[in-house]
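Mind docking chain B on chain A? Use the hints.
Protein chains: 2
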Amino acid sequence: MGTTQLESVQEPKYWHLKTVLSEALDSDFAVGEILPNERDLAARFGVARATLRQALEQLELEGRLQRRRGVGTTVAPPRVGVAVSTAPHEWAGDVGGEAWQPVDSTVAKAPAPIAATLGTDPAEPVHVVRRIRETQGQVVAAELVYVPGSSVPDLSAIEASGPVRARAVLRELHRLGLQGQDRSVELGSARADDAKELDRLPGAPVLVVTTRYLTAVGTAAVSVATYRADTCRLTFGDSGALEISHDDQPERQAS
Amino acid sequence: MGTTQLESVQEPKYWHLKTVLSEALDSDFAVGEILPNERDLAARFGVARATLRQALEQLELEGRLQRRRGVGTTVAPPRVGVAVSTAPHEWAGDVGGEAWQPVDSTVAKAPAPIAATLGTDPAEPVHVVRRIRETQGQVVAAELVYVPGSSVPDLSAIEASGPVRARAVLRELHRLGLQGQDRSVELGSARADDAKELDRLPGAPVLVVTTRYLTAVGTAAVSVATYRADTCRLTFGDSGALEISHDDQPERQAS
Numbered sequence: 001m002g003t004t005q006l007e008s009v010q011e012p013k014y015w016h017l018k019t020v021l022s023e024a025l026d027s028d029f030a031v032g033e034i035l036p037n038e039r040d041l042a043a044r045f046g047v048a049r050a051t052l053r054q055a056l057e058q059l060e061l062e063g064r065l066q067r068r069r070g071v072g073t074t075v076a077p078p079r080v081g082v083a084v085s086t087a088p089h090e091w092a093g094d095v096g097g098e099a100w101q102p103v104d105s106t107v108a109k110a111p112a113p114i115a116a117t118l119g120t121d122p123a124e125p126v127h128v129v130r131r132i133r134e135t136q137g138q139v140v141a142a143e144l145v146y147v148p149g150s151s152v153p154d155l156s157a158i159e160a161s162g163p164v165r166a167r168a169v170l171r172e173l174h175r176l177g178l179q180g181q182d183r184s185v186e187l188g189s190a191r192a193d194d195a196k197e198l199d200r201l202p203g204a205p206v207l208v209v210t211t212r213y214l215t216a217v218g219t220a221a222v223s224v225a226t227y228r229a230d231t232c233r234l235t236f237g238d239s240g241a242l243e244i245s246h247d248d249q250p251e252r253q254a255s
Numbered sequence: 001m002g003t004t005q006l007e008s009v010q011e012p013k014y015w016h017l018k019t020v021l022s023e024a025l026d027s028d029f030a031v032g033e034i035l036p037n038e039r040d041l042a043a044r045f046g047v048a049r050a051t052l053r054q055a056l057e058q059l060e061l062e063g064r065l066q067r068r069r070g071v072g073t074t075v076a077p078p079r080v081g082v083a084v085s086t087a088p089h090e091w092a093g094d095v096g097g098e099a100w101q102p103v104d105s106t107v108a109k110a111p112a113p114i115a116a117t118l119g120t121d122p123a124e125p126v127h128v129v130r131r132i133r134e135t136q137g138q139v140v141a142a143e144l145v146y147v148p149g150s151s152v153p154d155l156s157a158i159e160a161s162g163p164v165r166a167r168a169v170l171r172e173l174h175r176l177g178l179q180g181q182d183r184s185v186e187l188g189s190a191r192a193d194d195a196k197e198l199d200r201l202p203g204a205p206v207l208v209v210t211t212r213y214l215t216a217v218g219t220a221a222v223s224v225a226t227y228r229a230d231t232c233r234l235t236f237g238d239s240g241a242l243e244i245s246h247d248d249q250p251e252r253q254a255s
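Line by line, the protein sequences give chains A and B. Numbering-wise, the first sequence is residues 1 to 255 according to our numbering. Numbering-wise, the second sequence is residues 1 to 255 according to our numbering.
Isolated chain A (complex conformation) (with noise of 0.2 Å):
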């Protein structure tokens, strides 16, 4: 357990493949372009194309490369950067704010273990709001939060749709005075229609964000977060807009 020389691992053949490909990236490459094809890189690296496949399959999860519908696999910039918030009281007062974009807002019975959650019956339907987010004019997440009717009962007179009843249910349910907020965060997959509004395909790796938001007497809503893994890095803080400014990446001397 207390060594941890490279020697004495047994790396697989597309491993030390991709270091050579992250090297080649910094050196060959720049931000945005486009890779050769996959038969053309095997060729120049000297590898089966399974291979480089892996190995390109591990970067576009490091965040190295990105794989675009229509365009190709391109060198991905740095992550950006999202905050998610801490501070129970910005969340639902900011609907109209910049980071959280209301979509509309339809009434659903929720996943089985989101309704155990809420306390409420699986067969009663809910509100589910749909918000996306947007950061430097590319969106980054799609979210559901799934509103009981017990939490915003004057709702009942609203008649509007769209993004003005999204609004509306959230104002209502921070009106109820949210006292705290737990999460977790955890790999997912992109489904369908948040791939969509992400511009990924269904599958593509996601950070999911579950966030539970808390009054004095229990769980007022629920919400399910999907955040690109490609491109988002989850920011944290307990000191405001403090952000760490680097990748994570091991240092990669340009050559």
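Honestly, the hints are just simulated from the structure, not real lab data. Careful: at least some of the hints might be erroneous.
Any copy will do: because identical chains look the same in the list, a pair fits if it lies in one copy or spans two.
As the list claims (entries may be wrong) - List time: in silico SDA-like cross-link candidates among lysine to any residue, alpha-carbon distance up to 25 Å:
#, residue 1, residue 2
1, Lys109, Thr215
2, Lys109, Gly149
3, Lys13, Arg67
4, Lys109, Pro78
Okay, now just chain B, sitting in the frame of chain A:
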């Protein structure tokens, strides 16, 4: 943007297979059970092996399946919630606690972006403390904590090695009086040394948590922790032990 109808989204073939497989996992397999080999599975579902492999990869991303060296593909248990503390006083003071086990401490150059965050000369060696974190008897994370000599001025007198030295470095760092921290979470792939400690293959998807430890005058230390993305769900709470109790998957009906 406003419509989220599944019908309007093009779904790849493996995506449908993934849904079918997911239902089969619920109805026909128990947690820990080994799946049939790829050839048999492909025949059972009437698909090409390439399609099957893509679907299996999706299910692995979502934490439903685990690939284990020398065992094969097994049905994964629900992910374990691992609390990522936001209380600065807990981290270094808790070096002997359950969460993190110090392994060793060496002196080495920090990667350039980390040196930049620390405000140290990239050529200047820093203390590099390695810790591992166990939850429910399983290693869930491996971490390197980079500590410049200036943050632990009294350390030079210590001659110990291994965990004893690691504890000494963290204890000295704690004495400095940390005032806050900020964090980022992003997707990465396991380096060979981390992969070994996490019992994974190099390149396995991991959640990389980078933490900056702050004093009144600047950054005292930076840690880079690598959590198994297959088995872990990182939890962030401002409400103590509260934790989201579901697995974020859409409801699955047992057939």
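Hint-by-hint comparison with the structure:
1. Lys109 <-> Thr215: within (22 Å within a copy, 48 Å between copies)
2. Lys109 <-> Gly149: Result: close within a single copy only, 12 Å intra versus 56 Å inter.
3. Lys13 <-> Arg67: So Lys13 and Arg67 pass the 25 Å test inside a copy (22 Å) and across (19 Å) alike.
4. Lys109 <-> Pro78: This pair counts as between: shortest inter-copy Cα distance 23 Å, intra-copy 39 Å.
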